[in-house]
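Novice: Working from the sequences, and respecting the hints, build out all of it.
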Amino acid sequence: MKRRSLLKVFSVLATGAALTLSAGAHAEDKVIKVGTVAGPDSEVWQLVQKVAKEKEGLNVKVIEFNDYVQPNAALDSGDLDANSFQHQPYLDSQVKQRGYKLVTAGLTYISPMGVYSKKFKALKDLPQGAKLAVPNDPSNENRALLLLQTQGVIKLKAGAGTGGNNATVLDIAENPKKLKISELDAAQLPRVLSDVDAAVINTNYALAANLQPTKDAIALEALTSPYANVIAVRAKDKDQPWVKKLVKAYQSPEVKEFIKKQFKGSMVASF
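Numbering that gives the first Met the number 0 applies: residue 0 is where the sequence shown begins, and numbers increase by one.
Wrong hints could be hidden among the right ones.
What the hints assert, rightly or not - Derived lysine to aspartate or glutamate pairs resembling EDC-like cross-links, with alpha carbons at most 20 Å apart:
hint, residue 1, residue 2
1, K49, E256
2, K255, E42
3, K130, E173
4, K154, D124
5, K235, E42
Said to hold, decoys possible - Okay, the calculated beta carbon distance ranges per label pair:
hint, residue 1, residue 2, range
6, K255, G56, 16 to 24 Å
7, V30, K130, 43 to 51 Å
8, N209, T161, 28 to 36 Å
9, K243, R190, 38 to 46 Å
10, Q96, D28, 50 to 58 Å
11, K179, Q45, 34 to 42 Å
12, K214, Q239, 35 to 43 Å
No lab work stands behind these hints, which were simulated from the structure alone. Just so it is clear, the structure is predicted and the values come from calculations on it, not from any experiment. Each residue gets a CB set at the ideal place from its N, CA and C atoms; glycine is no exception.
Specialist: What follows is the structure, encoded as structure tokens:
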């Protein structure tokens with residue numbers, strides 16, 4: 000009886016150990032789903048995916064989106080484990096507006112926003128009443144208007160566009176050339192360049208449309224801009240071991256060198 004009881008105990012322990020090992024293996028094999036947008040972000044993440052596997056033992060699946068809205072919604076709902084496509088002010092505005100429980104896990108790069116035109120070679124050449132298009136999401140519209148103000152094209156009301164107060168076209172105090180500014184979805188801006196006199200376009204969409212910021216933009220945001228892009232995760236996951244590994248894979252020497260060589264100043268690593 001004692002022998003039979005001992006065998007039962009050993010059997011239970013062995014089964015428990017097997018289950019523990021199985022669970023551990025499953026945890027190691029977890030596929031981390033990262034959402035990004037088509038274009039340069041996706042290019043970088045193809046390399047990050049490789050580095051994560053080879054150096055961190057992390058399996059990463061890159062999922063592409065075609066706009067700025069879906070990646071945060073998918074992350075918050077649990078369809079993604081992380082995303083990487085947005086700058087900090089945009090993430091902050093989405094968290095505030097939509098109640099997302101998302102936080103920054105690490106910095107990636109900064110890409111200067113630019114003004115592009117098929118008709119003019121400088122902002123000063125824009126005629127009276129020229130048509131100008133800007134992104135319609137709060138943080139990127141704010142960023143575009145601040146760029147136009149820095150270039151002396153418009154002047155915003157006192158306090159607009161700073162201290163977390165996103166400026167809109169309604170906050171324009173001075174518009175000497177009476178520019179007609181349209182607010183459009185950021186992804187559409189490269190496609191409307193033929194229909195407007197100029198458009199303020201995010202770098203990822205510019206590059207996807209074969210526009211080289213350092214060569215084709217008629218005005219470019221300074222690299223000292225605070226709009227650095229980030230890797231975002233759900234707040235409850237921020238201390239998970241895989242998050243640290245994912246950030247480490249992105250902030251690797253290989254990825255930094257790739258960004259430098261591939262994008263030639265249109266994107267600059269923030270780490």
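Novice: Hint by hint, say whether it matches the structure.
Specialist: For each hint, the structure was consulted:
1. K49 / E256: With Cα atoms ~15 Å apart, K49 and E256 stay inside 20 Å; holds.
2. K255 / E42: holds (13 Å)
3. K130 / E173: holds (16 Å)
4. K154 / D124: The given pair, whose Cα atoms are some 18 Å apart, holds under the 20 Å limit.
5. K235 / E42: Violated: K235 and E42 sit about 28 Å apart, past 20 Å.
6. K255 / G56: 16 to 24 Å: Because 21 Å falls inside the window, the suggested range holds.
7. V30 / K130: 43 to 51 Å: holds (46 Å)
8. N209 / T161: 28 to 36 Å: For T161 against N209, whose Cβ atoms are near 34 Å apart, the range 28 to 36 Å holds.
9. K243 / R190: 38 to 46 Å: holds (39 Å)
10. Q96 / D28: 50 to 58 Å: 36 Å Cβ-Cβ, so the 50 to 58 Å window is violated.
11. K179 / Q45: 34 to 42 Å: Holds, at about 40 Å.
12. K214 / Q239: 35 to 43 Å: Because 41 Å falls inside the window, the suggested range holds.
In the structure shown, a violation is registered for the earlier hints numbered 5 and 10, in ascending order.
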